[in-house]
Amino acid sequence: MPALEVQNLKYYYRTRRGPVKAVDDVSFSVEPGETIAIVGESGCGKTSTANAILRLLPRNVEEYEGHVRLSGEDVMEYSTEEFREKVRWRGISMVFQGAMNALSPTTRCGLQIAEPLMVHLGSDREEAVAAAAEGLKNVGLSEDVLRRFPHELSGGMKQRVVIAMALVMKPNVVILDEPTSALDVMTQANIINLLKNLQRDAHLAYVFITHDLGLASELADDVAIMYAGKIVEIGRASRVYPGPQHPYTQKLIHSVPLLRGESAPDFIPGAPPDLTDPPLGCRFHPRCPLSFGMCGWSAEDLQSFLELRYRAASEGDRLGAAKFDQKESWRLVVTPGKDVSPQALVAKIQALIQAESSKSPVLRAIEKVRVGSNKVEIVLYEATIPELLGEDGQRAACWLLTEEGRKRAAS
Amino acid sequence: MQPPEVSAGETPPTDANVEYPHVQLDDLRIYFEVGGGMFRQPLYVKAVDGVSIALWKGETVAIVGESGSGKTTLGRAVLRLLEPTDGRLLYAGMDITHAWQRDLMWLRRTAGIIPQDPYSSVNPTFSIYRILEEPLAVHRIGTTEERTERIQKALENVKLNPPDLFQAKYPHQLSGGQRQRVAVARAMILEPEFIVADEPVSMLDASVRISILRLLRQLQEKFGITFLYITHDLATARHFSDRVGIMYAGKIAEMGAVSEVLGEPLHPYTQALIEAIPDPDPQNRHRDRPALQGEPPLLTVPPPGCRFHPRCPIAKAGLCDVEEPPLRELRPNHLVACHLAS
Numbered sequence: 001m002p003a004l005e006v007q008n009l010k011y012y013y014r015t016r017r018g019p020v021k022a023v024d025d026v027s028f029s030v031e032p033g034e035t036i037a038i039v040g041e042s043g044c045g046k047t048s049t050a051n052a053i054l055r056l057l058p059r060n061v062e063e064y065e066g067h068v069r070l071s072g073e074d075v076m077e078y079s080t081e082e083f084r085e086k087v088r089w090r091g092i093s094m095v096f097q098g099a100m101n102a103l104s105p106t107t108r109c110g111l112q113i114a115e116p117l118m119v120h121l122g123s124d125r126e127e128a129v130a131a132a133a134e135g136l137k138n139v140g141l142s143e144d145v146l147r148r149f150p151h152e153l154s155g156g157m158k159q160r161v162v163i164a165m166a167l168v169m170k171p172n173v174v175i176l177d178e179p180t181s182a183l184d185v186m187t188q189a190n191i192i193n194l195l196k197n198l199q200r201d202a203h204l205a206y207v208f209i210t211h212d213l214g215l216a217s218e219l220a221d222d223v224a225i226m227y228a229g230k231i232v233e234i235g236r237a238s239r240v241y242p243g244p245q246h247p248y249t250q251k252l253i254h255s256v257p258l259l260r261g262e263s264a265p266d267f268i269p270g271a272p273p274d275l276t277d278p279p280l281g282c283r284f285h286p287r288c289p290l291s292f293g294m295c296g297w298s299a300e301d302l303q304s305f306l307e308l309r310y311r312a313a314s315e316g317d318r319l320g321a322a323k324f325d326q327k328e329s330w331r332l333v334v335t336p337g338k339d340v341s342p343q344a345l346v347a348k349i350q351a352l353i354q355a356e357s358s359k360s361p362v363l364r365a366i367e368k369v370r371v372g373s374n375k376v377e378i379v380l381y382e383a384t385i386p387e388l389l390g391e392d393g394q395r396a397a398c399w400l401l402t403e404e405g406r407k408r409a410a411s
Numbered sequence: 001m002q003p004p005e006v007s008a009g010e011t012p013p014t015d016a017n018v019e020y021p022h023v024q025l026d027d028l029r030i031y032f033e034v035g036g037g038m039f040r041q042p043l044y045v046k047a048v049d050g051v052s053i054a055l056w057k058g059e060t061v062a063i064v065g066e067s068g069s070g071k072t073t074l075g076r077a078v079l080r081l082l083e084p085t086d087g088r089l090l091y092a093g094m095d096i097t098h099a100w101q102r103d104l105m106w107l108r109r110t111a112g113i114i115p116q117d118p119y120s121s122v123n124p125t126f127s128i129y130r131i132l133e134e135p136l137a138v139h140r141i142g143t144t145e146e147r148t149e150r151i152q153k154a155l156e157n158v159k160l161n162p163p164d165l166f167q168a169k170y171p172h173q174l175s176g177g178q179r180q181r182v183a184v185a186r187a188m189i190l191e192p193e194f195i196v197a198d199e200p201v202s203m204l205d206a207s208v209r210i211s212i213l214r215l216l217r218q219l220q221e222k223f224g225i226t227f228l229y230i231t232h233d234l235a236t237a238r239h240f241s242d243r244v245g246i247m248y249a250g251k252i253a254e255m256g257a258v259s260e261v262l263g264e265p266l267h268p269y270t271q272a273l274i275e276a277i278p279d280p281d282p283q284n285r286h287r288d289r290p291a292l293q294g295e296p297p298l299l300t301v302p303p304p305g306c307r308f309h310p311r312c313p314i315a316k317a318g319l320c321d322v323e324e325p326p327l328r329e330l331r332p333n334h335l336v337a338c339h340l341a342s
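Protein chains in written order, with this note's numbering: chain C, 1 to 411; chain S, 1 to 342.
Take the hints with a grain of salt, since some may be wrong.
Claimed, not checked - Subject to a maximum C-alpha distance of 25 Å in a straight line, what follows is the list of computed DSS-like cross-link-like pairs (lysine-lysine):
id: 1; chain 1: C; residue 1: 348; chain 2: C; residue 2: 375
id: 2; chain 1: C; residue 1: 359; chain 2: S; residue 2: 159
id: 3; chain 1: C; residue 1: 170; chain 2: C; residue 2: 137
id: 4; chain 1: C; residue 1: 251; chain 2: S; residue 2: 57
id: 5; chain 1: C; residue 1: 338; chain 2: C; residue 2: 251
id: 6; chain 1: C; residue 1: 359; chain 2: C; residue 2: 338
These are calculated hints, taken from the structure and not from any lab test.
The model shown is predicted, which means the values in this text are computed figures rather than measured ones.
Chain S on its own, in the form it takes in the complex (with noise of 0.2 Å):
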C-alpha cells in the first residue's frame, strides 16, 4: 500500500520518524439526510464538511469549536463510529473510510475514547473491576489473573491507589473526578495507539480538570499515545495540546502549532473565540467584552461562500459572501481559511 499524500503545512514534528501519519482525515464528509419524505428532497445536514487533519504519532491535536460546529461527529467518524459520507480516513496509512465494522476489531483494540460524561458512560451495576474488564473480555485477552494484573496495573496509572481498594466500588461510590479517571483507566486498558478525547473535564469542577488533563498529558509521553482532544475551551487546548484546529460550521477555519494559532490568530473567528474568553481580572468589571452577535448558520443551507461572513466584521460584499475560502498556509505550518487574512 501507498503511504498518503501529506497535505499542506501538515509536515511531522521532527523528532519524529515515521513516514506517514497515524491518522489522517482527507477531505472528510459526514452528512445526516434529515426531512426526506416519498415525495420530498431530502436535505443533509453537513455536519462535517472537507476537513483533511494529519495527526502524527504521538502528539495531541485539540479540535476547538462551539456545539453544532461538527467536532463530536468528526471525532466519531474518526474512530469509524460513523460512516464518513464522502473523503478518505487513513489509520497508519491504511484505508478505513467504508470497512466493514467486523474487519474493524483491531481499530477498536487499538484505539479508545474518552467519553464526556463521566456520570452515564458507565454501566451504574458493574464494579469497576468489570468495567475494566469487559473490554479485555471482548476481544479474548488474557487469563483471569492476566486481566487482574491488568487491571490493577490500569487504577495505577491513572493513580486510584490502592487499586485493590477501587476495583471493588461502583461507580455511585466515586467522585466525578475519580469516574472519569475509570473513564481513562478504560480507555487505556487495551494499551490504545489513539485515543479520541471527546469534552473529558467540561462536567468536571475548575480544580479538577486540571488533574485530569495533566494525567493524559502524563500517560501519553509514557506510552506514546497520539490524543485528539475535542473541546469548546481554548484556554485548556492552550495548556494540554500541541497543535489546535478551531472549526466552524463543519470547516476548519484555522490550523497551526497551539503558539502560533493563540498567539498570532489570523482568522478573525479566532480572533472573536480569544477575545470572548475572560482571564481572571478584575478590571473585566468596568467594560463589556468584545463579542460577536448572532447565532451559528444552519448546517442544511450554509451560507454561500465563507460559512463566517454573516458574523465577519471585516467581510467583504463580493467576495467573501461568493467564494469558498481555500485553507490555505499563511505562515509555515499555520493554515488559514480566510481572503482577507494575510
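Okay, chain C solo, but in the shape it has when bound (with noise of 0.2 Å):
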C-alpha cells in the first residue's frame, strides 16, 4: 500500500484578476521508502502541490478538492482539528524551502526540536528535549546543538536541524522543498547523503521538490514532471530520465548543464504562462518546438499571428481585414476593410495557410474557413487537454503519444 497516495488534487485561489489554477487534478502516490521527485520550473505549482497535501491554505482559497490517502486513509474527509492532530507533522511533515533561515533567533536549537513534541504529544519539557537530543543525534550532530542558537550554527548544521524538526514526530512521510537550495554544493552532497541514510534506516517515503533534475536524480524512484500547474510527465526514473515522452520533459533534461557529458546545455525558449489563464489544450503548445493543429490553438492565439504577421506588410500585401471577433475561443470572425470582398479575403487566408503552415502550428488548427454574407468565419479544431498516456511505468500527457496525434502530426 502506498504512504501517500494523491488523487485528483485541485487547489485554485482568487486573485483580483481571477483564480489561479495552482494545482489542477494532480495525482501520484509513493511506496513506504521510495522517493518521487516534483521537477519543474518556478511558478509551475510544485510548492502549492505540498501545500495542499498538508491543508496550509490561505483565506483566498477558491477550490480545494480531491483525495490525499495517508497508508489508505482518505485524510481529506478529517476536520481541520482532526488534521492537525493526526496529520501534520505526525502523518506527513515539511522541510520548507529556505526554513534554515526561518529558525526563531532568540530560542536555543534544543527547544525548537522539541516543541512539537509538547504541543502535539503533550510531553513535558524534559521529555521533548530528551527526544530532541536523539533526533540531533540522528541527523548527525552532537548533543550540544541543544543549547546553541541558530546563529552559531553553519548554514548545513542549520539545516540538520530542520530536518531534526521534521522527524522528530516519527511520520511515515516527509515533503522536502528544496531542502539543498540555499547551500554549498559540498554540504548539498553531505545532506543529499544524510537524506538518504535517514530514509534507509526508518522506511521514510520522501516527496522530494525540485528544480534540477541533477538533484532530483540523488533521490528519485520516481520522477513527476510538472507545468503549468499539471503533471505533464511521471513515471520511474530509470525510464523517465534515458527515455523522456513529453516534449517538457525532453527540453528540461537538455537544458541542465552537463559536468562530465559532451552535450552543451539548451535552453526553452518563453516562459511558463500565467495561471489564472492558461493555454487552451495542453499547456506547454505555445513554447513546445513539436506543436501542431491539435494541441491546444485559440483564436485569440490565431488573431495575434495574423495581426503579427501582417504588421510589417507593404501596402498590396495586407490581409485587407478591418476586425477581429472572437465568437467562441474555437470561432474567429475577420470583417474584410472596405474595398475588399470576403471572397478576396478567403483566398488570401487559403494562400497563406497553404503556404506557411509548415512552420507555424497554428495555421494548421483551422478546420475550415467559410464566408458569410460579409463576414468571414475561421473554425478552429477545439482544444481539448491531452490525458497522461502510457503503462505504469511511464506516463506522459502529449498528443504526439495518441494514434490521432501522430497521423494528424504527420500530415
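Need the complex rebuilt from these two chains, each delivered in its own frame; the hints are there to steer you.
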C-alpha cells in the first residue's frame, strides 16, 4: 500500500484577475521507503502541491478538492482539528524551502526541535528535550547543539536542525521542498547523503520538490514533471531520465549543463504561462518545438498571429481585415476592410495556410474557412487537454503519443 | 609606463595580439578589520590573500568557489569598488591599486558589473528607459535622441523585443529572466570592455540560466568584451568560460583552461568539488555521493600551511600543515597549489 496517495488534487486560489489554477488535477503516489521527485520551473505549482497536501491554505482559496490518502486513509475527510492532530507533522511533515533561515533567532535549537512534541503529544519539557537530543544524533549533530542558538551554527548545521525538526514526530511521509537550494555544493552533497541514510533507516517516503533534475536523480525512484499546475509526465526515474516522452521533459533534460557529458545545454524559449488564464489544450504548446494543429490553439492565438504576420506588410500585401471578433475560443470572425470582398479575404487566408502552415502550427489548427454575407468565419479544431497515457512505468500527457495525434502531426 | 610582468603560465591566447593583459591582479590581498577595540588588537578577515590572475582581452575567466571563499570580494576589488590592502591591480597596464575614485571615472565607463539579484538591483520606481538612461546621464553622454537610440539598441542586443514596449515598463512587470536581461543591458549601455558578472544566473530558473549565459557569450563575441564570471556552479563555468580558477579560503587552488581543470583536476579540492556535483542519472539514487566533511576555515585565523589540509583526504602531516604550497605550473598553462599533486 502506498505511504501517500494523492488523487485528482485541485487547489485554486482567488486573485483580482480570477482564480489561479495552481494545482490542477494532480495524482501520484509514493511507496514506503521510496521517493517521488516533483520537478519543474518556478511557478509551475510544485510548492502549491505540497501546501495542498498538508492543507496549509491561505484565506483566498477558491477551490480545494481531491483525495489525499495516508496509508490508505483518506485524510481529506478529516476536520481541521483532526487533520492538525493526526496528519500534520505526525503523518506527513515538511522541510520548507529556506526554513533554515526561518529558525527563531532567540530560541535555543533544542527547544525548537522539542516544541512539536510538547504541542502535539503533550510531553513534558524534559522528555521532549531528550527526544530532541536523540533527533540531533540521527542527523549527525552533537548533543551540545541543543543549547546553541541558530546564529552559532553554519548553514549545513542549520539545515540538519530543520531536518531533525521534521523527523521528531516520526512521520511516515516527509515533503522536502528544495532542501538544499541555499547551500554550497559540498554541504548539499552531505545533506543529500544524510537524507538517503535517514530514508533507509526509517523507511521514510519522500516527496522531493526541486527544479534541478541532476539533484532530483540523487533521491528519485519516481519522477513527476510538472508544468503550469499539471503533471505532464510521471514514471520511474530509470525510464524517464533515459527516455523522456513529453517534449517539455526532453527540453528540461537538455537544459541541464552537464559536468561530465559532452552535449552543450540548450534553453526553453519563452516563459511559463499565467495560471489565471492558462493556454487551452496542452499548456506547454505555445513553447513546444513539436506543436501542431491539435495542441490547443485558440482564436486568440490565431488573431495575434495574423496581426503580427501582417503588421509590417506593405500596402499591396495586407490581409485586408478590418476587425477581428473572437466568438468562441474555436471561432474567429473576420470583417473585411472597405475595398475588400469576403471572397478575396478567404483566398488570401487559404494561400497563407498553403504557404506557411509547415512552419506555423497555429495555421494547422484551422479546420475550415467559411464565407458569410460580409464576414469570414474561421473555425478551429476544438482544443482538448491531453491525458496521461502509457503504462504504469511511464506516462506522459502529449497528443503525439496518440494514434490520431501522430497521424495529424504527420499530415 | 612599463608593461607589467606576466606571471608564470599566463601566456596569452594565440589569437590575441596584445602585449599586456587587459586586467591583471598581482598578489592581490584584501583584508577586513574586525573586532578591534581601544585596548584590543584587531583581527583581519583575509578574504582575498595573494591572488594573481591575468585576464586577456576578450576571454572569459570563471572564478569558482563556495560561499566565503572570497570570490565576490575579489570581483568587487577588481572593479575598485574596494581598495586592495596589498598587491597590485593593473588595468591595461596601468596601476590602479590605490587610485582615487574621482580619477577612476574612466574605469566606471569602461568596466561594468552584472549583479546577482535581478529583483533588488534595479530601482523599482524607475522605468526600464530610466534605468538604462542613468549611466548615460551620470557620464553626460549624448543628447536625448542619441540616448534613446542607444537604449533601443541595448534592448535589442539583449533580445527584449520590441524595445518600444519594454522601455516603458517597470521592473515589477518583468519576469526574473527579463529583469536579468535589463541588468545585462545596463551593464552594456556604456559599451564596456570589461564586465564582472557576479553569480548572474544563480537566482534564475535552470531553463532561463542557459539563455542568459548564452546571451552573454554572444555579446562577448560581438563586442570582444573581457569577462570575469564569478560563480559557485562548476557546470555553467564549464560551458561558458575559457579558463577557470578554483578558489578556496581566499586563495587560488587551481587555475587553467576549463577542459584541463575539469578533465584532469590536480588539486584534491577541485577533485572533491567535481565529485560532489551530480549529473542527471537515475543510478545516483543507489549510492552515496562522495563529499568532504567539515567546513571551510575561518578567514581570521586560517590554518597554517595549506588552507585545505584539515579537510584534505591525502594531506601529509609535517608537510601540508606546515608549509604553504605555492601556485606552480604543473602542466602547461595549468597551475595548482598543492605539494602532493604531480
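Tested hints:
1. For the proposed pair residue 348(C) and residue 375(C), the alpha carbon gap of about 14 Å is at most 25 Å, so the pair holds.
2. Restraint check for residue 359(C) and residue 159(S): the C-alpha separation of about 22 Å stays at or below 25 Å, so the hint holds.
3. Restraint check for residue 170(C) and residue 137(C): satisfied, since their Cα atoms lie roughly 14 Å apart, inside the 25 Å limit.
4. Proposed proximity of residue 251(C) and residue 57(S) is contradicted: the alpha carbons are some 34 Å apart, above 25 Å.
5. A C-alpha spacing of about 46 Å is found between residue 338(C) and residue 251(C), which places the hinted pair above 25 Å, so the restraint is violated.
6. Pair hint residue 359(C) plus residue 338(C) does not hold up; C-alpha atoms about 31 Å apart against a cutoff of 25 Å.
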